[in-house]
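Take 1 as the starting number for the sequence shown in the UniProt record's numbering and just add one per residue.
Think of the hints as simulated: they come from the structure by calculation, not from any bench. Check before you lean on any hint, since a few could be wrong.
Label pairs and their calculated CB-CB ranges [as the list claims (entries may be wrong)]:
id	residue 1	residue 2	range
1	Pro100	Arg229	20 to 28 Å
2	Gly82	Arg374	48 to 56 Å
3	Val388	Glu140	40 to 48 Å
4	Asp60	Gly392	43 to 51 Å
5	Lys137	Pro243	33 to 41 Å
6	Arg474	Gly82	39 to 47 Å
7	Ser15	Glu245	50 to 58 Å
8	Gln81	Pro438	53 to 61 Å
9	Glu343	Gly82	48 to 56 Å
10	Leu21	Pro306	45 to 53 Å
Even for Gly, the Cβ is constructed at its ideal location relative to N, Cα and C.
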Amino acid sequence: MPPQVSLAPLLARVSQQPERLGKGVRIEQALRLTILHDWLDGSRMPSHRLLCQELKVARDTLAQAMRRLGEEGLIFTGQGQGTWTRRPVTPDPTPADAAPRLSTRAAAILDAPSASAIQSGAFMPGIPDITQFPMAKWRELYASVTVPRNALLLSYSGGGYGPLKRAIRDFLWRWRRLECETDQIIITEGTHNGIELCALALTDVGDRVLMESPCYWGARNVFTAVGARVDQLAWSPEAGHAPGEANAPVRLAYFTGSHHYPLSVPTSRAHRQALCARLAPDFVLEDDYEFTGEDGANLMFDGRSPRHLLVGSFSKLMFPGLRLGYLVAPRSRVAPLNQLRSEVFREGRLLDQAALAQFIAEGELDAWYRRIQRDYLARQQVMHDQLVQVPGVLHVSPPSHSISLCVQFAPEVDDRRVASRLLQSHLITRPLSPACAPDDPRSGLILGIGMLSGNTLASEAVRLRHVLTRCLQRT
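Given only the sequences and the hints, what does the whole structure look like? Please build it.
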């Protein structure tokens, strides 16, 4: 007999889904998580009639969710015999000791504690609010550029769509007071693509790349993947940067933008200038990872400089699936960077670029961000008020307009274990220590506020406080 399943974990996971999501999405996600984490592989699922009754959902809604789970290979159905769960398994018929190994660089990235297949869930950092985004307007603009006379938009982009580059130039001036020329802007497929392009063009294998600690691990992974030697220097808002090795040349220094990620505090231009004066990197790359529309003066970027570059993305402003960003480069480097991008990555997505250009030009992006900024600040305040009550929390980043916040513990706290215990309660966070250098003992959690709002955020924040309090007491 196949093992029997309990509906209790499924009902619990349904209740934990954000209310703003459609019922079908909530049911599908709850079923997926329950199959992966709660029900045994090969368990017979309850009948559709019983599921509809317990979940209070229409048969068509459940059928759509089950169809998608079937396409993912998480369930299989026997004709007239019911439906069973199936956890995905990747068989490897080759003995482990005989299989060709991964590259050293790939292994270093995949072995890092920050490597994770989980990219959504309560308090997952780095995800904006995608449910309130004006998708109807976006579809309207996308439809307007998808017409027969725009057939050229189906071709390669040749460095980027001109109107979009002009819109980004004006956007950077409005929000950042940054001056650059249109021909300095290269459209990329997100920030990682821009960072990788800079790494390929400006560094060789073994070159020293300087990063802060804690760092944005996604950028560190990119530099590791191209074979750079990554050095991290601890930074804090109070003390600045730790002393660095001055006798080894620095090819490229990478910094997050005006708002530090993952500490979620304003950065310091004076600290970065002092560090660059001491270590004299050939190039300085700033990443507006958490664009907040404030603290623009903290950026070092100068459009006239031959060594300063800026990367940015619309994933945190709009929605992650857009995968469009920009690289602002010195004039002398634009032509080779464009040619290298074309040779290595190709380029396209002109339809997306054209829709985004209109979205910015018509003021929709500015209006959206002014609105969601206020919402993010209110959510941050809710989280801050709850987390400062937790015994064992030393510091909580001050409320801001960003989508992430940082909680710091005493150095002896094992934040990876804390994050793992929170995950058991379906609270998804990231530990801070994997983003730190080996000699930086900081411990804490990185959390996001983009996926929760309103009453759901308030209740989940209280639940997080209680669970985190228990976790720290055990630790």
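Hints, one by one, checked against the model:
no.	hint	result
1	Pro100 with Arg229: 20 to 28 Å	holds, 26 Å
2	Gly82 with Arg374: 48 to 56 Å	holds, 50 Å
3	Val388 with Glu140: 40 to 48 Å	holds, 43 Å
4	Asp60 with Gly392: 43 to 51 Å	holds, 48 Å
5	Lys137 with Pro243: 33 to 41 Å	violated, 51 Å
6	Arg474 with Gly82: 39 to 47 Å	holds, 41 Å
7	Ser15 with Glu245: 50 to 58 Å	holds, 52 Å
8	Gln81 with Pro438: 53 to 61 Å	holds, 55 Å
9	Glu343 with Gly82: 48 to 56 Å	holds, 54 Å
10	Leu21 with Pro306: 45 to 53 Å	holds, 48 Å
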